[in-house]
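Residue numbers (our numbering), protein chains in the order written: chain F, 1120 to 1297; chain V, 1120 to 1297.
Keep in mind the hints are simulated off the structure, nothing from the lab.
Note that the structure is a prediction, hence the values are computed from the model and not measured.
Possibly wrong hints are sitting among the right ones.
[Said to hold, decoys possible] EDC-like mimics (lysine to aspartate or glutamate), calculated; alpha carbons at most 16 Å apart, straight line:
| hint | chain 1 | residue 1 | chain 2 | residue 2 |
| --- | --- | --- | --- | --- |
| 1 | V | K1145 | F | E1214 |
| 2 | F | K1140 | V | E1162 |
| 3 | V | K1140 | V | E1161 |
[What the hints assert, rightly or not] Stretches of chain V that chain F covers, calculated by requiring three or more beta carbons in the stretch to come under 8 Å of a beta carbon on chain F:
| hint | segment |
| --- | --- |
| 4 | 1183–1189 |
| 5 | 1216–1228 |
| 6 | 1263–1276 |
Using N, Cα and C, we set each Cβ at its ideal position, and we do this for glycine too.
Number of protein chains: 2
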Amino acid sequence: MKKQWHIVEVLRQSRHDWLNKIQLIKGNLALNKLERVKEIIEEIVIETQHEAKLTNLNALELAELLMTYNWQAQHFRLEYEVLGDVCDLSIYDKELSNWCRQFFYILEEHADGNGENHLSISIEIGENVRFFFDYSGTITDANSLKEWLSSHMAGTAVFVETFQVHSKEMTVVLKIGM
Amino acid sequence: MKKQWHIVEVLRQSRHDWLNKIQLIKGNLALNKLERVKEIIEEIVIETQHEAKLTNLNALELAELLMTYNWQAQHFRLEYEVLGDVCDLSIYDKELSNWCRQFFYILEEHADGNGENHLSISIEIGENVRFFFDYSGTITDANSLKEWLSSHMAGTAVFVETFQVHSKEMTVVLKIGM
Chain F
1120 MKKQWHIVEV
1130 LRQSRHDWLN
1140 KIQLIKGNLA
1150 LNKLERVKEI
1160 IEEIVIETQH
1170 EAKLTNLNAL
1180 ELAELLMTYN
1190 WQAQHFRLEY
1200 EVLGDVCDLS
1210 IYDKELSNWC
1220 RQFFYILEEH
1230 ADGNGENHLS
1240 ISIEIGENVR
1250 FFFDYSGTIT
1260 DANSLKEWLS
1270 SHMAGTAVFV
1280 ETFQVHSKEM
1290 TVVLKIGM
Chain V
1120 MKKQWHIVEV
1130 LRQSRHDWLN
1140 KIQLIKGNLA
1150 LNKLERVKEI
1160 IEEIVIETQH
1170 EAKLTNLNAL
1180 ELAELLMTYN
1190 WQAQHFRLEY
1200 EVLGDVCDLS
1210 IYDKELSNWC
1220 RQFFYILEEH
1230 ADGNGENHLS
1240 ISIEIGENVR
1250 FFFDYSGTIT
1260 DANSLKEWLS
1270 SHMAGTAVFV
1280 ETFQVHSKEM
1290 TVVLKIGM
């Protein structure tokens, strides 16, 4: 299930993402919307700061999964942010990335491909580390998704604290037990 | 000698490169130098077009070498361009990338680390495919570099057509025999 990326392919995908941003700047510049250009640049900088923080969590598998997900996602678009001071999650990497990978896989199956679906992940680091998953979009079978979540509540060090699944949105809170 | 990159590290380096470009745009925007911003964007677009063409040569090892070289280069900075219609160089990939890797290695040894050294590579695709290497900078031992080139003139399908080494510049033409 895990795709093996060649470095040239990674750079191709990344270039594509960056060119989209550059085109956005170029387009607004052509319309002389300088304030919008400045906003876009600020957004880019903030996005890269979250990416850098994600990288610094030392959970390489998880970072790879989140940073490359949109290149192969089919039914939803993923965004993430990392809030709080960075800590070392390396020992949780395997379990975290496995849980997330399976979760995304199930979510792909339950997200209606015709809709606009988004999954937003906030990684909040405080006394504990929690992952807040906020999904908005269509869910074809909420009960089956609830069943999956119920049966994947507790791992060795990672467990689901709460979840709510509705027809058009879902929230899941995943906690790391330290 | 070949570095194995983790995808997260590749994205980190690439992000760093792109952020430099974004900062350049941001800086000129702050000074209201809009024409310069447009020029920078054009330069970025052209650079990515060369990168895309390099990728499309189907010589993945060579592409990886050239696209990641500046992340680990010590004594010179590398630039490249791909001119002409893209063709399939996959069968020459191994030999080409090996030759280039060794050449860069030797050049690192002969480039004075205190100077501003540049290696510019033009890959010209026509009836034949030629690599033009133009180096400008300091060379600590021109004779030894000439010796190396003399002893690495001909491979199975890749050979040095001409070379000139001076104290502050060097040109090498590498031809692929098709």
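Evaluated hints:
| no. | hint | verdict |
| --- | --- | --- |
| 1 | V/K1145 x F/E1214 | 40 Å, violated |
| 2 | F/K1140 x V/E1162 | 15 Å, holds |
| 3 | V/K1140 x V/E1161 | 12 Å, holds |
| 4 | 1183–1189 | holds (count 3) |
| 5 | 1216–1228 | violated (count 0) |
| 6 | 1263–1276 | violated (count 0) |
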